[in-house]
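Colleague: Top line first, the protein sequences correspond to chains A and B.
Each residue of the first sequence is one higher than the one before, starting from 1 at the first, in this note's numbering.
Each residue of the second sequence is one higher than the one before, starting from 1001 at the first, in this note's numbering.
Calculated cross-link-like contacts (lysine-lysine; reagent style BS3-like; alpha-carbon spacing at most 27 Å):
1. LYS1027(B) <-> LYS241(A)
2. LYS124(A) <-> LYS318(A)
3. LYS318(A) <-> LYS1224(B)
4. LYS1044(B) <-> LYS1032(B)
5. LYS124(A) <-> LYS1137(B)
6. LYS241(A) <-> LYS1224(B)
7. LYS1137(B) <-> LYS61(A)
8. LYS409(A) <-> LYS420(A)
9. LYS317(A) <-> LYS1224(B)
Which stretches of chain A does chain B cover? Using the computed rule of at least three CB atoms under 8 Å from a CB of chain B, they are:
10. 35-44
11. 124-138
12. 143-150
13. 487-498
Since the hints were made in silico from the structure, they are not lab data.
Using N, Cα and C, we set each Cβ at its ideal position, and we do this for glycine too.
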Amino acid sequence: MDHSFDIVIVGAGGGGLFAALEAIRTNPLATVAVVSKVYPTRSHTSAAQGGVNAALANKDKDDSVELHVFDTVKGSDYLADQDAVDYLCGQAPLVVRELENLGAPFSRFADGTIAQRPFGGTVKDRCCYCADKTGHTILHTLFEQCLRQGVKFFNEFFLLSLEHDDGQCQGVVAMNMRNSSIEAFSAKSVILATGGHAKMYWNRSSNAAGNTGDGQAAALRAGIALKDMEFIQFHPTGLRKSGLLVTEGARGEGGYLLNRHGQRFMSRYAPQKMELGPRDLVARSMETEILEGNAFTSDAGSYLELDLRHLGAEAIKKKLPQIRELCMHFEGIDPIEEPIPVRPTAHYSMGGIDAGMAQTAVRGIYAIGECACVSVHGANRLGGNSLLDILVFGKRAGQEAALEAPQRKARPVSPAAVRKAADEIKSYASHERYERYGTIREEMGRTMADKAGIYRTEAKLRSGVEEIKTLRERFRHIRLFDTGTVYNTNLFQILELKNMLDLALCVTATALERQESRGSHYRNDFPVRDDQSWHKHSLCTLQENGDIRLGTGPVTMGKYSLEARSY
Amino acid sequence: MERREVSFRIYRYNPQVDRHPFYDNFKVAVEKGITILRVLNHIKEHLEPRLTFRAFCQAGICGSCAVRVNGISRLACTTQVWDVLTGSGDDPILVEPLNNLEVIRDLLVDVDPLMEKLKQNSSWVAPAIPEQQMGCKEHIVSETELEVIDSATDCILCGSCYSECSMMGVNRRYISPPVLLKAFRMNNDTRDTIGAERLQQVTADHGLWDCTHCYRCVEHCTKKIAIMEGIHRLREEALERRMTKSEGARHAQAFFDDIHDSGRLKEVTLPLRTKGVAGSLGMIPLAMKMGLKGRTPPLFMKKIPDIKHVRELYRKLEIRAVVKRHAVRQTERLQ
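The shape of chain B in the complex, shown without the other chains (with noise of 0.2 Å):
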């Protein structure tokens, strides 16, 4: 059995007693298809007691053990040592809490905001069956209208997307990728009734709009789920049922009528149809920044010369989206 000694670098944080957060080194012999959690809990049993981690299952499926291994979020127990080994090898292990969420001790966080996002967003499907009638009778789900959620039903809240996703990173009231996977889930649940009422709970202030499709989430699934798959999806819906009131909507709308109209961005007017004339005005300081130091839109665009080929894609596309439109009305009916 292949067999090395491997550096471990530990963030460790104590409120009670460290005034900072500071890094605990440690050497380990480790076999081949050892996992960090191993590791960790090695650690915790022979060298220091102290450690503080969670870790419940240690199969992948609780998402209790997710932590940052050389700076990415992932669950203890399925990455394996071998796997993360850096340089030629010698290189130091950091193993670090999640980012996005308050440390509670060491590698421990407190994930209480992310189960509070996932309270004011409605994630549970509101069954169509009445109360009184619950367990009656199965309601009936089609295998191609279950495998449109089927992967997003792998979630286990592990927070690992949470933690890398790059909105999160400037703004903690950003809804979170997870809780807008979860949107998702049960939007496209044939036997939830208030995927309305939903979407605008996820399209408010800091929500559906604001990610920037930095696909940092999909990367770094411990199950992967393609959320931005979700998220996008999400999005369609809401030009779908017409909710286009929010800047994230009419920024959306911009692009997507230059696009059609000349093949390029008109990024001069760009702040104007999105924000609309006040919320432009708090933006004068940064276009005469930009201005100073030449990085101004051209004022006017010239229409690419194959638009054709790109309205013919908007034509395709547009038949697209009448048929699904027509399948979540069918829908609808339905319920």
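Chain A on its own, in the form it takes in the complex (with noise of 0.2 Å):
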């Protein structure tokens, strides 16, 4: 079966459901479907908690969009577009608002108003939340406002690849996960929005089971550039048996960070932000404190503490209701009577499709949220920023798309692309093949982990290219032994493996290629900041042979010029 619309999203997370709304409301004649692999609502939107930034002022009276937008630049240690930036946070309060008037359930202060909360990396506070809750209320208003615009939905169907016709657009191959069948979206523009690809580092990462990039390949090999696929950010605050992510609103409402001598180590690294520096000082902080030997043991690894009791039982229970839940489901303690055991955790990715204010270079073809990189979190993403983007770049990608539809022609998907696709999946259940899921992944998830994680050199990280080329190559053996067609995770499983190795390659290389240190990419062979060399954007291409090719792009400066970065 195939199908033909103006406008094909691909993801229903936040910046999904946002740009279809957009693209809706913007024109109502346009024709709009979201194609996503989840249900909307079970996206990974729904697990961020702490919160969204933006400049209200409603707490801080002297906040402003500048003030926002410095934070931001700095926290990127330098490497955003400041165009870019700017954008963000000149639209931050628009879209906060709008959602509320949208009917998203912000906390609020004694007057009514959204109330805002101290997050890492800034100056004012300025984040907006529904208690740690703050993603899962973001995308359940925004699925709720789709159902309401009758937004078409294509749920669980697998995004396979990204077709264009020589620069323009011509839509997706997907498959429908229930029964197999291969189907073309033909589409005028097509917005990727299919989230990050931080699940490569596996057990070392907050992420999702899905989230594996599964847009940024299909860019890969549709020939449109990744950006800036070196910087990954640690969370400093993961549970220590799962992973699982503490908010750093924990922080933010005044949890201590401890060391097994009880001491709050962030005084020696930031002794002005202490807990609430920016998310890779901290996490390369800790990891400091666990190398040193500072850190308390487990059967799970070595861990610190975060130490909430000193808010009160009744704080905790208010403001912090889902994390005390997960303490005691995850870890089996509360954190109202005991610190939580924490290590930093892989979380973020700064990095992904290369995608000035949305756009990629194929005419048609947007991108946004964590898949892509606009760039406005640089080396470095504020806590509170990622929520932020993709409300405002969703918006803005729904909007261009909309307006663009109706003068630009249909490009249909070719007949042969499909035909691609249907062969690739076929050749997997040859019996020739050998190679099993499990084992590949494991090795991606180690070998991420220890020669791509929070310290990296240049051994660890040629040896770490030189493990994820074989996997790779390993890979091409790979057996499906699951020949069904009736929701066949077997399947979805190796395609996603297939793109986070892709995927894991860039990063790697990328990480090998950038002699410095800047945010969260830390080098111990080059440990400070090379604005000589490196003040510029990696980027990465797939060449016919299946090797990548680097380059380098320009940064966009603005208003802040270079300054060394401290906190």
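Build the complex from these two chains, which are given one at a time in their own frames, with help from the hints.
Modeller: In structure tokens form, the structure reads like this:
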């Protein structure tokens, strides 16, 4: 079955849904479809706990868009494109209020305005939140509004390829997961909103099982460049056993980080901001504590403590209820009575599809949110800026695509593209194949955690690149054992693994190339930022032979020029 | 670390190859603290790659992995094996798909009916602020107003209550608890403008008045939401808005009047008052069967001795209702 729409949005998280909503509102005549491998409310936006930054100045009356821009640029270690950051922060109050108007249940101050709390790496308290379920409530609000506007959903469809004809968008090929039918979605515009790829760190990742970078990998194979892939954010406070996340809001509300000597060790690394330093700095400080033997040890590995007890039972129950539940379910402790065992965990991919102001190099193809690199987060994202990113650029892409649709000529996806996808899938079941999904995925996760983790060196990265190349080679022999056509999860796992492996090569190769330390990318062998040689974006593209080609691109500067970054 | 071998008995069904569903048994060495989802992943990875289930966030917030464990609907990712061991711990743990939804394969069910019902019952805020002014200013919402709906916004649409609901068990067209909860959440949001219209939708046939108060939705809500409170509140609102035409509303009104009059329910005339003359005709065979079995309710009922106390309770509740109605009118004026 083939489909034809004006706009096809791939991914039904907050970014995809806001894009759909805005497209329909901008141009009610445009036909819009959302294609997603999960039901919309399952998307990973739901896991964002802490909040969304906007200079509403409800708390600090002297907060402003300029200060938000400054915090974001400084947080990015000056790698963000400042035109995009200006737009992001300028639109922030508007989109947050709009979401509020549409029904998002934001927490409130006593005067009934949207409440704001402090978050890492900012000079003002500007993080708007719904208790510690901000992403969940935003996702549901947007989903509800999409139902209201009659958005057409294709739930549980897996993206197979992105199609364009000589730089003009044609659409996508996707598989209906319920019956394995491979279908073409022709579209004048495609908006990729497929989320991040930090699941490639597997067990050392806070991400959902499906954050495998499907859109990024499809774009890479369609000849679109990926940008700044070496920058992976490690979140300071993952739960010791599961890697699940404890929101930065826990520190925002006043939580302490302690080592086994009971010291608030952040005083050594960020004496002013303490626990509320930017994420890269806090995660690195924790890793240093662990390496220097100041951490607690356990069967489940070394860990530090996040202590909330002094906040009191009432504050914890009111402001961090989900966190309390998470700790009880997954660590068996109640943070009202005991400190939470935590360690850094791979969390967010700053890099992604090269898309200046959400527009890729292919006319009609947009990329937004974590799958994209716009770039507003540069080398390190601030907490509270990722929900903002999906809202602002989701909205913008939806708007632009809707305005553009009437003017663009439809270029349908070719039947050959569908046949090619079908052939590939058939080939996985070949009897000559022998490699197992589980082993390759385990090794990929371990390689990424060991070789491209928080502290990186040339030797580690070089062997990381080699190992990933070997795994990609082994993947060519991977065997699909389940040949059924009803919801074949084995097939989806294999396709996701293929995507992660391609992206893992980009991450390790660009990390090896960048001989400096900036934001989340820290090289022991090049411990300082080198603006002379490396104040630029990295780019990678896929070559015919399956190797990747590296390049660089300029950073767009603005009001704020390069400065040393300290907190 | 405490560790033991645990048996799992898992529902299997692939419509492509299996004529009937069957159960597969697996023995897995499990550590204390391990969740059902970890076990399912382990089985899939090492024992039976074809085992099919949904899982995504693994942190209890996306709602993908709801299944029935020993007959009770819950999230696989937040349910610890140790908490569901029965007998001396040697009984197998039964893992099955949710009830009341079609099985697509193994533990995976079709959630579309739930999504469709959300759509049919305006499960969204229809904002007071006109489209052109969106984002210009905040709608002021007090902490108390937010508190009314706060816990209802915890709902992750996991489908556990949908699966546990006893009404759903006999009528798949029933509106279902999560959709009623959403209606409550929207109707009590001070920013919404279509409360009356939404209430019309949810009180239609197979709707709000069909709930049997079994409380299973509350008992098994994975987010501990007091869903019944929301359903009660919607019913009150329907009566406050004089939406008394439906059978359910009339049924409630008959209860209300009877207890006020005599402290007892006059069951003999209940069908007449709920369903009307025509509707009651259909119940004659049932009445006759009841008569034959000697189960006919008494024709005449005496007042209970201390009816005064009952009426005093009514009076107190009436005052509270007036205060509430006043509040509703105030909000409507604001809009």
